[in-house]
Amino acid sequence: MLDLEYRWQQPDPVPTTHLAITEHEYNKLADATMDDLVTYLEDLGDSMEIDDFDVEYSQGVLTLSLGSVGTYVINKQPPNRQIWISSPISGPERFDYQTDRDAWICRKTSDTLGELLQRELQKALPLGNLNIPIN
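Per the numbering used here, the sequence shown starts with residue 1, numbered consecutively.
Derived from the structure by calculation, the hints contain no laboratory data. Check before you lean on any hint, since a few could be wrong.
In silico DSS-like pairs for lysine-lysine, Cα to Cα no more than 30 Å straight-line [said to hold, decoys possible]:
id: 1; residue 1: Lys76; residue 2: Lys123
id: 2; residue 1: Lys28; residue 2: Lys76
id: 3; residue 1: Lys108; residue 2: Lys123
id: 4; residue 1: Lys28; residue 2: Lys108
Okay, the calculated beta carbon distance ranges per label pair [said to hold, decoys possible]:
id: 5; residue 1: Gly45; residue 2: Ile89; range: 14 to 22 Å
id: 6; residue 1: Pro126; residue 2: Glu42; range: 17 to 25 Å
id: 7; residue 1: Ser110; residue 2: His24; range: 25 to 33 Å
id: 8; residue 1: Ser110; residue 2: Gln77; range: 13 to 21 Å
id: 9; residue 1: Thr39; residue 2: Val73; range: 13 to 21 Å
id: 10; residue 1: Ser90; residue 2: Gly60; range: 39 to 47 Å
id: 11; residue 1: Thr99; residue 2: Ser47; range: 32 to 40 Å
id: 12; residue 1: Lys123; residue 2: Ala20; range: 31 to 39 Å
id: 13; residue 1: His24; residue 2: Asp100; range: 13 to 21 Å
id: 14; residue 1: Gly60; residue 2: Pro88; range: 15 to 23 Å
id: 15; residue 1: Asp36; residue 2: Arg94; range: 34 to 42 Å
id: 16; residue 1: Leu125; residue 2: Gly91; range: 18 to 26 Å
For each residue, glycine too, the CB sits at the ideal point set by N, CA and C.
All chains, please: the whole structure from these sequences, using the hints.
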């Protein structure tokens with residue numbers, strides 16, 4: 001008889017602390033993060049001549065279109081108390097809020113959401129230094 005039990009889970013390098021925050025705290029933190037990110041990206045698009053740059057935000061889902069580079073989708077995941085990102089460069093990632101770092105942290109890489117976006121947008125856009133205002 002075959003053993004069909006899957007053993008694909010690996011230990012997380014980052015402690016899972018997202019459940020340590022309440023649903024109310026999650027919504028407050030996630031909304032502030034998304035609002036700050038939307039404002040920054042809209043201001044960036046308005047201040048630069050970047051072809052096919054478009055930012056849309058609706059019902060907790062932010063879409064950042066960068067033409068030939070591709071499209072980022074960043075969204076809230078309230079049931080998991082996470083922020084998810086789909087990147088045309090690095091693929092999908094999930095971020096938990098880690099209270100001791102006051103930041104959204106990727107379990108796989110330990111990067112903050114801000115660090116990932118900073119690194120990728122710096123490469124993707126023909127700009128000087130970016131200063132993304134989120135952790």
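*Violated constraints from the hint list, given by number and in increasing order*: 10 and 15
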